[in-house]
Every structure is written in structure tokens, then in C-alpha cells.
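> Sequences listed follow chains A and B, in order. Heads up: the first sequence is residues 98 to 392, going by the working numbering. Heads up: the second sequence is residues 21 to 293, going by the working numbering.
Because the hints were derived from the structure by calculation, they are not lab data. All figures in this text were calculated on a predicted structure; none of them were measured in a lab. Note that the Cβ used here is the ideal one computed from N, Cα and C, for glycine as well. Don't take every hint at face value.
[Claimed, not checked] Here are the computed distance ranges between Cβ atoms for each label pair:
(1) Val202/A to Ser64/B: 41 to 47 Å
(2) Ala37/B to Glu245/A: 35 to 41 Å
(3) Glu193/B to Phe152/A: 27 to 33 Å
(4) Gly132/A to Ile34/B: 48 to 54 Å
(5) Ile34/B to Cys370/A: 50 to 56 Å
(6) Met188/B to Ala288/A: 22 to 28 Å
[As the list claims (entries may be wrong)] Think about it this way: if two alpha-carbon atoms lie no more than 30 Å apart in a straight line, the pair counts; the simulated DSS-like pairs of lysine-lysine are:
(7) Lys105/A to Lys125/B
(8) Lys301/A to Lys23/B
(9) Lys126/B to Lys105/A
(10) Lys104/A to Lys23/B
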Amino acid sequence: MTSVTKKKLMTTLKAYLFLAPFLALFILMVIYPIGLGAKLSLYGQRGARMWYVGFDNYFRIFQDKKFWEAFKIPAFLLFVQVPLMLLLATIVSLMFETRKRSGSVFRFIYYLPYCIPGIVAGIVWSYIFSDSMSPLKPLLQFFGYQGEKLLTRPNVPLILLIIILWEFTGYTAFVIYSSLISIPREYSEAAQLDGAGFWQIAFKIKIPLLKDVLITLFIFNAIGAIQVFNEPWMLGGLVVLPNNYTPAMYIYSSAFSQGRFTYAAAMGMILACVTFVFSLWVLRTAAKQLLGSKS
Amino acid sequence: MSKRVMVGIGVTAILVALAVYFIFPFYWLVIGITKDVGQLFQKSLLPGVPSHLRENIQRVFAYENGVFFKWLGNSFLYATVGSVTGVTVAALAGFAFRRYDFFLKKPLFILILGFSMVPGYATTLPLFMMFRDLRLIDTRWAVLLPAFVNVFGVYMMVAYFNQITDDMFDAAEIDGANDFTIFLRIAFPNIVPGFITLVLLSFVGSWNNFFLPLVVLNSRAKMPLILGITTITDPQGFPVYNLTLTASFFTILPLLIMFTALQRYFRPQLYVR
């Protein structure tokens, strides 16, 4: 054995010693459960009895109307809430930038909802919109709102939109703002000398430089939209929602209300694959950024 | 000049309007906990008169022989032990990726990152089956063990360690320091702010994690606050709005205090759970 390979072997050994606790936990708590989920998804089940059925569950899921209906809310969030939030957050971050010092109170207030758990946000907002407690109802009636109730099933998507925008817009603006202030000032100063206005500088210079951040934020929020659970779960306490209102709710109720574990496991696998496809761009960028330039 | 002033006023107006939207639920929650159910039903935007704040707090604390304090203790246990262990383990792993050029380095990193994106709803169900076979359902381990894996922490740790130059490591090595000493004396002290940030973010994440405890816990005595408060009912099983609100307030109070006191550590790190 040459001394070079011996040295490499030693380094590998040392590296894996540092990695050991993480890898052990990772295999036990992530890889193994996913493998188990993949295996279970290939089994039929009645009560405690299980038998191998191949891809039967998947075929049944593809024909299960309730499963596909569950994607209405994620689709609504993906195509309405996420773009709206990114637009709003970009505008807010540009406004933050015009007042770096005096704006710190606003930045604090805007960031605050991000610390609040989705469950508590769900409780408070569902009460705010509830029939019996809503302080908004007298207000809206004053402005001519005719409807009987605010918290009705047709209104739930809109209420979800209000809750999720409330939770994440400030945080998103903060992330964009952090990248904005790292753009060298020479860029906008040069453009200003050439006679560009505020909006021109924003759209032609700053926003193109924010492309990566915006794409990353979009992907994370898209993944969040597919997985949404806590907020509709809490709203479900005050307005009747079907058990397949979101994919996560359908998986949960299939497994724990109906006891169809293997069917739920197969749905979980499909959801995991969809999420993984969404995240490929982020993963590639992350791996390149951290390891690409080195070694 | 006047156009500039107008724009300034416009910007302030928009910022204030949004601030009202972000503050409103906090305001409503704070006035809400001063009211009994009757006062809540009056839909007023003012604090309850007479104030029922003290009574609400007493009733939450006395609820089911003080189960609230068990929830509070559990939340602190899960969030503290989970976040500190998870971030420490992640720091060791991150150091390996930063410092060494080893067999299967890149594929391993991509594998770890790749699995980080798998949604909790896909792993929680098989975790439940696994814990059931291991007889860990309805134990505190079932909530703690998954929290020890902080994949995002590994990713961030590599980024933090990347800021330390190779020269510093090499100098220590020439001085005869062994690898663990280098980690403890050179690497770790340089990333303490990042470590704190990750612990705080992970603490908040564990504190707010609802789905895992919902699936793996049955007995109320082991629940964290976030799950416990959703189980508050009167003896007939009907919701008690003023108690749920008051308990919600105490659920977020530690987070608000932490966030206000340690604001400079709460830099956004594109954190997702």
C-alpha cells in the first residue's frame, strides 16, 4: 500500500468518525422509515393482516378522485398565494431598502408572525373569522357585506390565503431584503448616473440579481403549499371540511381514522416524489455552492 | 422635491397598513384573553370590561389538575434537548464535510440534502409504524429521536465552516493538534454565532412541531403545549374559547420573549422544516 492511499484511508476514517452520530440517526430516523414506507406501500391491508400486492395501491390512488381533489388547495396556494406573496415581499423589501435605519421597527413587526406556530395562527385567525366572535363582521357589514357568515366553506381558501400571507410575507421580505443590501451600491449608482429611475433600477438591475433567491423561495413555498396541514386542520374545528381537504389531511385521516396504513403510505410516497422533483433545483445549487468550489 | 415627499408618504402609508395586518391578530389575542366567552361573543375590539384576565389564567393553570404545566415542561424538554443535540450532531457532520476529502463525499452530501426535502408527512407515518414495533409509541423518545436529525443544520454548518480558512486548520495541525482538538479549539469557537442561530431556529421549529406529537403521543401528560392546547374542552367535550386563547397566548409568549431578546441571532437562513 502506498503512503498516499494510506493517508486517504486515514482521512476517510476520521471523516466518518465525525459523521457517525449524524449518519446513525439519519439512517434510523429518515432512511429506514422511508424504506419501510416504500415497502408498506406495496402491501394490501385489512386490520392487522398484510399481504403483497405490488403496485395495486398506486393504481387505486391514481383512480381515487378524493386524492386528486385534495390538490385543489395546494394548487390554489401555488398559483395565487405564492406569486402574490413573492410580489408583495419584493415590493416590501424594496421599501425596506429606502429606509435602512428608520425601518427597523417595521422589519421587526413584519418578521414577528413567522415565529408563531401554524396551529396558534390557525386558532387565532379562525376565531377572528368565526361566526360568534368575529370583530370583522360588524366592520364588513358597515361597508355593505351582505353574507350571513364569514367562515363558510367557500370562503376557506381565501381565509387560508390571508393566514399564510400573514405568516410568511414578512419573513420572505426579510430574506429578499438581506440579499438586496448585499448588492454592491456601485451598480445602482452607475445606473443612476446614466439617468435610470427608481423603478428602472429595481426591475433592470436589482430583481435580476435576486433571481436565485426568488427561485429558492418559490420552491420552498411550493413545497409548503403541497404539505399544508396545520392551518386548515385548525379551521376544521369551526367549519366542516372534508377529510381530503389537503393531501396531508387525506393521508392523516386515511391512516389514523380509517386505519388504511398501506394506502396512506403509498400516498406519502407519491407526495415525497412530487416534493423531490420540486426541490431538485435547490439541491443542485446548494451542492454546487458548498462543495463545488472546493476539494 | 414635493414628488419625493409624496412617494415617502405613500411608502410609509403602505408600510403602516401592512403593519396593522401583521399586528392585528396579536392585538386581538391580547384583548381576547381579558374576556370570558360572553364578552368574546360581543365582537368588540376593546379589552373586556370587567377584565377576566386573572380568572382565565387561573382556569388555564388549574385545568385538569395543572396539566398545562406538564405541557409547558414537555415543550421545553423537547425543544431544548432536540435542538441542542440536533445542532451538535450537525456541527460534527458539517466539520467532516468541510475539513476532509473522503470516500463518497459528494454522493453522501447530495443524498443527505436530497432526503431533507422529503415531507414530514411521508416519514411520520412509517416512523409511527417503526415506533409501534419498538414499543416507543406514547413515549418522549418518539418525539425526541426524530428531532435529533437536523439536515438543514448540516447544510448550514458546512457554509459556516467554509468561512474558516484552510490556513488556520493547517497551522493548528502543524502545531500538533489532533483532529478533535482542531474541531473543539479552532472550528467550533469560530462558528458560535451560527450555532446559536441554528439552535434558536431549531428550538422554535420543535416548539411549533404539531404533526409528529399528534401522531406518536396519546397521553396528555406527555404532550407539548402546541398539541395540548388543541385538546382543551369542557367536561362535555365542547370548546372553551377563552381558555384556548389564553393557553395559546402562553404558548407563543416564550417565543416572543426569545425573539425580542435575541433578535440579532434570528437572521433568516432560508429555514424550512
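> Now tell me if each hint is right for this structure.
A quick look at each hint next to the structure:
no.: 1; hint: Val202/A to Ser64/B: 41 to 47 Å; verdict: violated, 27 Å
no.: 2; hint: Ala37/B to Glu245/A: 35 to 41 Å; verdict: violated, 28 Å
no.: 3; hint: Glu193/B to Phe152/A: 27 to 33 Å; verdict: violated, 54 Å
no.: 4; hint: Gly132/A to Ile34/B: 48 to 54 Å; verdict: holds, 50 Å
no.: 5; hint: Ile34/B to Cys370/A: 50 to 56 Å; verdict: violated, 41 Å
no.: 6; hint: Met188/B to Ala288/A: 22 to 28 Å; verdict: violated, 39 Å
no.: 7; hint: Lys105/A to Lys125/B; verdict: holds, 12 Å
no.: 8; hint: Lys301/A to Lys23/B; verdict: holds, 22 Å
no.: 9; hint: Lys126/B to Lys105/A; verdict: holds, 15 Å
no.: 10; hint: Lys104/A to Lys23/B; verdict: violated, 69 Å
Of the numbered hints given earlier, the model fails hints 1, 2, 3, 5, 6, 10; all others are met.
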